[in-house]
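Here the protein sequences come in this chain order: A and B.
So that you can map any letter, position 132 of the first sequence is 132 in my numbering, and since no number is skipped, the others follow by simple counting.
My numbering runs 1000 ahead of the 1-based position in the second sequence.
Take these hints with a grain of salt, some might be off.
To be verified - Computed list of lysine-lysine pairs in DSSO-like fashion (alpha-carbon distance at most 30 Å, straight line):
#: 1; chain 1: B; residue 1: Lys1043; chain 2: B; residue 2: Lys1136
#: 2; chain 1: A; residue 1: Lys43; chain 2: B; residue 2: Lys1136
#: 3; chain 1: A; residue 1: Lys223; chain 2: A; residue 2: Lys43
#: 4; chain 1: A; residue 1: Lys136; chain 2: B; residue 2: Lys1136
#: 5; chain 1: B; residue 1: Lys1252; chain 2: B; residue 2: Lys1223
Treat the hints as calculated values from the structure; they're not laboratory data.
Listed here are the chains, written in short residue letters.
2 protein chains.
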Amino acid sequence: MIIVKIGGGDAINLEAVARDLAEINRPFILVHGANALRDRLAKRLGVERRVLTSVKGYQSVYSDEQAIDVMMMAYSGLRNKRLVEILRRNGVNAVGLTGLDGGAVQSKRNAGVRVREDGKLKIVRDFSGKPQSVNKALFELLMNNGYAPVLTVPTIDENNVAVNSENDDVVAKVHEAFQAELVIQLIEAPGYLKDADDPNSVAVSISRRDLEKIEAEADGRMKRKIHALRKLFEYGPTKVVVADGRIDEPIKNALQGKGTIII
Amino acid sequence: MIIVKIGGGDAINLEAVARDLAEINRPFILVHGANALRDRLAKRLGVERRVLTSVKGYQSVYSDEQAIDVMMMAYSGLRNKRLVEILRRNGVNAVGLTGLDGGAVQSKRNAGVRVREDGKLKIVRDFSGKPQSVNKALFELLMNNGYAPVLTVPTIDENNVAVNSENDDVVAKVHEAFQAELVIQLIEAPGYLKDADDPNSVAVSISRRDLEKIEAEADGRMKRKIHALRKLFEYGPTKVVVADGRIDEPIKNALQGKGTIII
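Only chain A is shown next, with the shape it has when bound in the complex (with noise of 0.2 Å):
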């Protein structure tokens, strides 16, 4: 069983992502973003993104209620449901999810950022949360029936609240759940650049101890993805292919192995 990430930029060719799902004809579960499109929705909403500046100076995405709103909007109505829709006219059985879903995704709400305001220190507290489990039975129950599920966020909490979370942690708990032997990473790269300014940089594979050199390194939302990628491994053994989303055989090139291997 294999897990397919899908980046949420706008230059991944989902149509050719679909053909090779198709053609290569091994279970699988999609795990996609929406970030382009859901940035673009917000900016047409005038919805603002909120940054909370903790006491202690870092800086985190506020996800309030409207934030939500707006992720359900584009991740799991347009993105998930377009994406269905090429999959199917490509003969791939799909049925999209959340975590929401039959509880697809179980996630703890984050404890709240410290902040000054007005003078006033207080806590705030957001929908947002780190996934902690899947509804294994869910999946199977579908994959076992023919269906290829197709998952996104927002993921629901311990009250069953609907909770923004990263996908590459949605990703590592699938992993967790399925001990999937191969994840391919779809961006709009040809794999891990060594030089993010050089699309001829490529690092043809990487060990997970230079994975800790690189989180060490990285910075921002880089850091949080090297991050991730280094805990998916901690669920299990597997192989990560991070590869090229863009072109036109994105599956059956990572499947070749071409890109980032991570083992």
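Since chain A is already given, all that's left is putting chain B on it; use the hints.
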């Protein structure tokens, strides 16, 4: 097995519907709209409703790709997922579905409308279609394993393209497949009003013969709704209760036959 259809108006008490469904403990398929939400979203996004006038003078809404995008965001995204969240919070193990997921609702794409543009006759075809059948096996798979399906548009056409359909027609096809003993339609009124402007004019019961008369006299959206109600009985005997969705115990109230009963 019962079918619960929730209208897409803002005044429907979703929390109360969820509480009731958790308590009555009967297998159900819920079909919901989101038209008020969709209209608001379309306005915020500046997406205009296109109306076609056929050469014979009939008017119809034109569902272009953008209209389907907005439908996916409002119906399949925001409303479906918030409803799943509310149901789960009340103890119902809900799974949200559109007609696309697993081919849950298969439609036949509508033939085009003959219009005159710039003096020329042409056929304009939009993304709309008429539900033909449901994937009964998928609904049974979910229900037999403790999940409650929460279904909405779009549906999927014969070429696996997402199309706009009437939720009333979706309900009819679910009934055809499941031969529901009861169909509850929750609306923003205490039942079917003999005088649309008088909330005290609720018809306690309507015969199928009455329905024909009402359909002949109605027009526009109401005519279509009554027609769909009438069609429902052609797919197998059932009992329909049109009841108030705005109150504290909307499902229990309907189960007591309060509202308008159609047999």
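Mind listing which of the numbered hints don't hold for this structure, in increasing order?
Checked against the structure, the hints that fail are numbers 1 and 2, while the rest are satisfied.
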